[in-house]
Amino acid sequence: MNEVAVAILALAPLLGGLAVWRMSGRRAELIAEISLGVTAVAALGLASVGLAGGRLVAFAGLISIDALGAYVLSLTAIVACLAMAASPRYIRHELAAGALLPQVEGRYYALFLWFVASLVAVPIVDNLGLLWVAIEATTVVSAMLVGITRTPEAIEAAWKYLILGTVGVGFALLGTLLAYASSVHLLGDSSDAMNWTRLMAIAPSLNPSLLRLSFVFALAGYGTKIGLVPFHTWLPDAHSQAPSPVSALLSGVSISAALYALIRFHLVAAAGLGPNFSSTLLIAFGLLSLAVALPFLVRQEDVKRLLAYSSIEHMGLLVLGVGFGGPLALLGVILHLALHAITKATLFISAGELVQQYGSRRLSRIRGTLASAPAAGGAFGAGIVLLGGLPPSGIFVTEFAIVVGGMMAGYLLAASVAAVLLALSFAALAFHGSRLLWGRTPSGVAVVRAGRGMALRLAVPLLAVALLGLWTPSPLADTLNYVRVVLAVHGG
Amino acid sequence: MIHFDPASAVRLLDTCSAGIVLVGILVAGTRSIGRAIWLVAAQALLLAVATFGVGVATHSLHLMVGSLFTIAVRGVAMPLILGRILRASAVRVERNPFLNPRLSLIAAIVIVFAAALAMDNIALGGPLDAPRVLPAAVAEVLTGLLIAMTRRKSLSIVVGLLVFENGLALAAFSLTYGMPFVVELGAAFDLLMVIVVAAVYSRRMLTVFGTLSTDELRSLRG
Numbered sequence: 001m002n003e004v005a006v007a008i009l010a011l012a013p014l015l016g017g018l019a020v021w022r023m024s025g026r027r028a029e030l031i032a033e034i035s036l037g038v039t040a041v042a043a044l045g046l047a048s049v050g051l052a053g054g055r056l057v058a059f060a061g062l063i064s065i066d067a068l069g070a071y072v073l074s075l076t077a078i079v080a081c082l083a084m085a086a087s088p089r090y091i092r093h094e095l096a097a098g099a100l101l102p103q104v105e106g107r108y109y110a111l112f113l114w115f116v117a118s119l120v121a122v123p124i125v126d127n128l129g130l131l132w133v134a135i136e137a138t139t140v141v142s143a144m145l146v147g148i149t150r151t152p153e154a155i156e157a158a159w160k161y162l163i164l165g166t167v168g169v170g171f172a173l174l175g176t177l178l179a180y181a182s183s184v185h186l187l188g189d190s191s192d193a194m195n196w197t198r199l200m201a202i203a204p205s206l207n208p209s210l211l212r213l214s215f216v217f218a219l220a221g222y223g224t225k226i227g228l229v230p231f232h233t234w235l236p237d238a239h240s241q242a243p244s245p246v247s248a249l250l251s252g253v254s255i256s257a258a259l260y261a262l263i264r265f266h267l268v269a270a271a272g273l274g275p276n277f278s279s280t281l282l283i284a285f286g287l288l289s290l291a292v293a294l295p296f297l298v299r300q301e302d303v304k305r306l307l308a309y310s311s312i313e314h315m316g317l318l319v320l321g322v323g324f325g326g327p328l329a330l331l332g333v334i335l336h337l338a339l340h341a342i343t344k345a346t347l348f349i350s351a352g353e354l355v356q357q358y359g360s361r362r363l364s365r366i367r368g369t370l371a372s373a374p375a376a377g378g379a380f381g382a383g384i385v386l387l388g389g390l391p392p393s394g395i396f397v398t399e400f401a402i403v404v405g406g407m408m409a410g411y412l413l414a415a416s417v418a419a420v421l422l423a424l425s426f427a428a429l430a431f432h433g434s435r436l437l438w439g440r441t442p443s444g445v446a447v448v449r450a451g452r453g454m455a456l457r458l459a460v461p462l463l464a465v466a467l468l469g470l471w472t473p474s475p476l477a478d479t480l481n482y483v484r485v486v487l488a489v490h491g492g
Numbered sequence: 493m494i495h496f497d498p499a500s501a502v503r504l505l506d507t508c509s510a511g512i513v514l515v516g517i518l519v520a521g522t523r524s525i526g527r528a529i530w531l532v533a534a535q536a537l538l539l540a541v542a543t544f545g546v547g548v549a550t551h552s553l554h555l556m557v558g559s560l561f562t563i564a565v566r567g568v569a570m571p572l573i574l575g576r577i578l579r580a581s582a583v584r585v586e587r588n589p590f591l592n593p594r595l596s597l598i599a600a601i602v603i604v605f606a607a608a609l610a611m612d613n614i615a616l617g618g619p620l621d622a623p624r625v626l627p628a629a630v631a632e633v634l635t636g637l638l639i640a641m642t643r644r645k646s647l648s649i650v651v652g653l654l655v656f657e658n659g660l661a662l663a664a665f666s667l668t669y670g671m672p673f674v675v676e677l678g679a680a681f682d683l684l685m686v687i688v689v690a691a692v693y694s695r696r697m698l699t700v701f702g703t704l705s706t707d708e709l710r711s712l713r714g
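For the protein sequence lines, the chains are A and B, in the order given. The first sequence lines up with residues 1 to 492 when you count with the working numbering. The second sequence lines up with residues 493 to 714 when you count with the working numbering.
Bound conformation, chain A alone:
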């Protein structure tokens, strides 16, 4: 039964992609939507065991989904559905504007589905080598999507992404091999010696110097995919040049998947070496990312790059929170991961609307959106407020938990610096956001009244994020706790 669900999870997007490759129009959209729907249902079904605190194992241990894996898997499914729902409208507009060649329409949906296929593979495989294969596959497929418009800028962004992503993830392979090598004296040539469940079980007796080296390479490698400073340079380019629904996937789940991979290495390293080594590195790189993203947020000229740098900032915060450890900070991290993904995906989708309407990405040109595009503009404004962590946003709660949790875990200085940086980046976002909402609409920009479907697609995820700041339903609270137990390295 589980095997069947895993097979559906893998085959629905792969075969759906093959089917739509040469299609166009409503047929391509429909097949893509159905494939993704089936994928999402399979994903949520598989995740249900882990979300309830159990562990699902399939294919003789090749697949192992615990609470953390199930959480990331469901998040991937949800954000993929949001991005798919926004795709037809976006792509039709691009086709009509001549930004996309007509024969590319089917390929867009095919690549989109394959991108999702690689993303859902990440949190379910037990083998660190396969984890690496899945992450590398996300890079290759999404690099095709980033440059799909074939503009000079898109080609540049895709090329940088492909090369830096491959080199970066190459280092993660070295890290994976070193983790494997650190176990060779215990496990020998057994086929499950690369499984993280196996490595966790014998972590204290792994070769410590190899394990240390392994984490450093994994940090640099998966850190590149997460967008941690100084490995982030490809991220603003790729996330801003991609078609907006793809940006939503990249900024919502692709970097979260890479963070998941890094967390697995952190957990193995912490179990083998004690928490200090990897936590200290995570805190350092997290703070660095928060600090470096800030000036780029302040001086940003491009609306999608603004969101991309904000992703670097939030990933920095998440990495910082994982480094802090401790129950409160970890709970914050877990919920923040989901809230950021959903908010950021919605922001990219509404920004995509605005960019198409205004014919420009420049923040100095996209003004007065509340008057000219009530739905997209309103969603963008609300999204910025939620993302910045103004109460009652759920993100206020999670950021507060991470900062206070860090202080309680004894990182007073790092947590205070993070709090100041978060406040400043909110100010930067609010500054850009307010001009975007209320400034004067440039002449020649037509007013767009969105249909009910789009308004709902934008409003529902944002309302959910806002609501979660006030109230956490008890099944979700239980799930958050199960995930926290997986993430806890000092038994906390």
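Please keep in mind that the hints were generated in silico from the structure rather than gathered at the bench. Don't take every hint at face value.
[Unchecked claim] Quick look at which bits of chain A chain B covers, simulated, 3 or more residues with Cβ under 8 Å:
| no. | segment |
| --- | --- |
| 1 | 121-133 |
| 2 | 296-307 |
| 3 | 434-444 |
| 4 | 461-467 |
Built from N, CA and C at the ideal position, the CB exists for glycine as well.
Using the hints provided, position chain B relative to the given structure of chain A.
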């Protein structure tokens, strides 16, 4: 099963590693993009021979099959795909790289000696006691980065990336018993896809910019 004793496997492995390092130096020192592509393919063949030899000596079927993937992807598909792009473009040599080939050659030699010194006496629990493999792997990883970072033409950058990947593959089986079979399969597929996507974008660069030079790729800032 063919009999092949571990001592000869170690000799074969050491010889191939030395060959891989030598070819890496030649790639760093060549101006001709076509020659660089074939040299990297030759490097992959050496890698495959070494993998196959160790597979036979340790009776490991997945290493033997893995060596076939290496030949198929890195030895055959790669030069065919990149060669097509090269023929479609007017460019034949790396005209003004950030580091000229003679200096790259010297830098590559320095890398090899530095890796050998740094990795001296690091004993690992791999299947065979072949101490020269890991330094060779590290040297190729670094040489690949050097090439990828100092060239301007997209094909040369991919060549550097492949030297880097060959180093990783060598590391994979110097550190361990080679990766599990499914991982090997997935990694080979990923690498093939990287080469295909790099070729797709190189072709788009040719169409849009009329050149394979990555100098055109500098409009995104801040």
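Those earlier numbered hints the structure runs against, lowest number first: Hint check: 3, 4 fail, others pass.
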